[in-house]
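For the protein sequence lines, the chains are D and F, in the order given. Residue 269 in the working numbering sits at position 269 of the first sequence, and the numbers go up by one each step. The number in the working numbering is simply the position in the second sequence, starting from 1, with 274 added.
No lab work stands behind these hints: they were computed from the structure. From a predicted model like this one, the values you see are computed outputs, not experimental measurements.
Here are the in silico distance ranges between beta carbons for each label pair:
#, chain 1, residue 1, chain 2, residue 2, range
1, D, Ala118, F, Gln315, 35 to 43 Å
2, F, Asn391, D, Leu134, 52 to 60 Å
3, D, Ile28, F, Tyr433, 50 to 58 Å
4, F, Gln315, D, Gly139, 54 to 62 Å
5, D, Arg8, F, Gly348, 50 to 58 Å
6, F, Tyr450, D, Ile73, 46 to 54 Å
7, F, Ala323, D, Pro99, 28 to 36 Å
8, F, Asn391, D, Ala132, 57 to 65 Å
A virtual CB, placed ideally from N, CA and C, is assigned to each residue, including glycine.
Here's the letter readout for the chains.
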Amino acid sequence: MNQPEPSRSFLSRHQFLIYRLFSLSGLIPVGAFLVVHLLTNASVLGGPESFQSRVDMIHSLGPLLVPIEIAFIFLPMLFHAAVGFAIIAGGLPNVGSYPYVGNVRYTLQRATGMIAFAFIIGHLIQLHWLGAPLRGSEGGFDPHHATSTAAIAIRPLLVSILYAIGVLSTVFHFSNGLWTLGITWGLWTSPAAMRRANWVSIAVGVVLAAAGLGAIGGLRTVDVAKARGVEDRMDEVKRMLKGEMPIEEGRSPAVRGTSNSSLPNAGPVSSEGT
Amino acid sequence: MIQAVETNHDAGDVATAAGHGAGATSRTIHVRVLRQDAPGQESYWERHAIPYEPNMNVISILQRIAATARAEDGRSVAPVAWDCNCLEEVCGSCTMLVNGRTRMACTALVDRLLEDNSEEIELRPMSKFPVVRDLVVDRRRVFRGLERVEAWVPVDGSYDHGPGPRISPEDQEDAYPLSTCMSCGCCLEACPQYTKIEVVQREGESAEAFDARRKAAFDRGFVGAHAISQAMLFNAHPTGRMIADERLAALTGEGGIQMCGNAQNCVAVCPKHIPLTRSIARAGRAATVWAIKKLFDR
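Can you make the complete structure from the sequences, with help from the hints?
Right under this line is the structure:
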């Protein structure tokens, strides 16, 4: 009679759904974004042109880019982080008493999740438009000068080291999470299937870690001035194509080069625009 | 009384063994026990020294401690309380932390323990259950977990149901390991996601009200690997399957399968080597299918 009615909040009534959405969001869209992001960055190894053209492709979404970023990247990431922190708070790691591989991975999954969260916040403040008010007018990532601005930001040794830690933590969190996701949803159930899936997740992790570290290495070794020149030329061409800038035959681009050859090709398209 | 008689028996055997045993020096085993006099009281460490005998297990150590009832410093102390029954790792009652890890005291052989650490053997009660006294804990949440998932075959009734359906040898082989679960709680003790729930009776609270409040608290917490595995055992049984949906409803409720963090300690510490992570993954798959069915069949 005076039996206390257990308070069942919305969150506890839908705990299963929330945890499954949490698990899913780690793969789609957050994990999928991570893969695209790291592979895009790794294209800097092919030179500033290849990185710039991939960044241009992303930015060709134009006014759709920001809503897409918010709906498919930031909100799912925030949801994943919020539930993740609640899960971490509810657990009691005991790797000291039970130092098994699975338990070490359990603990690392939580540690790398927190490192990744801190890293992403720092990364946004340093480079993203979201962080612009926090970092002031200096620095940041300019999508028209992808390689040079990213290289300048990441160049200091300490920043590079922090990025390497952040990228490796994020990659571990994703690839280990891929393996646990398969158990959570019941994709691999037998110990043998789990072992096989484990090799796949390790392979995914190695590829992504190579891509992430490759991008950092690429940005550290690229010639910033040269990259700037390439980006300026590419930017000029883009603006001419859009008709924002008249085509001046024989006008020398910002940096000496052979890129004039691309201007006549742009001519007809541009004249349509004007 | 019985313990004392047993002790004398053992002492006799050991005397003979020591008589013609090589190197029969009188070694001493140092044992450190984390004691607690009653629920809610402060725990404290107590050291005991007992003479070494070959082929001891942790239970026989506790029997020696009970027989002398003296701490290492000579103080007369109350015997250390512990739970045990079958002494052959099938009843699941003597779970405790031996040298920091959860295991059955009956199969914790002293000679093996001394190989790892010859200095000392450390005994602690399980940390995920309320201590009743010393090494005795209240494990009713283990059994509440089994109730939550209805870990039984529902055949109660007043008339003859006839013979049950046949089970193929393959299915039997699949199910048998799961049926060896003895509810010892090792999987729960080692699980980083299974955290202690201790409900204290309020002043003036009736036993019924207290029990209901405690059950409600248990039901909000993680159900545990053992119960998930038993749910899969009975969902695979042709008669048990009749309430498969009820078990899946429990497993997808608060504190259900989703609380698993995939640390996989459960399967590593299980004394019966039950494929608990396979059960958990199967439960995950069943929950996935069930949740989708529920979503579209509603």
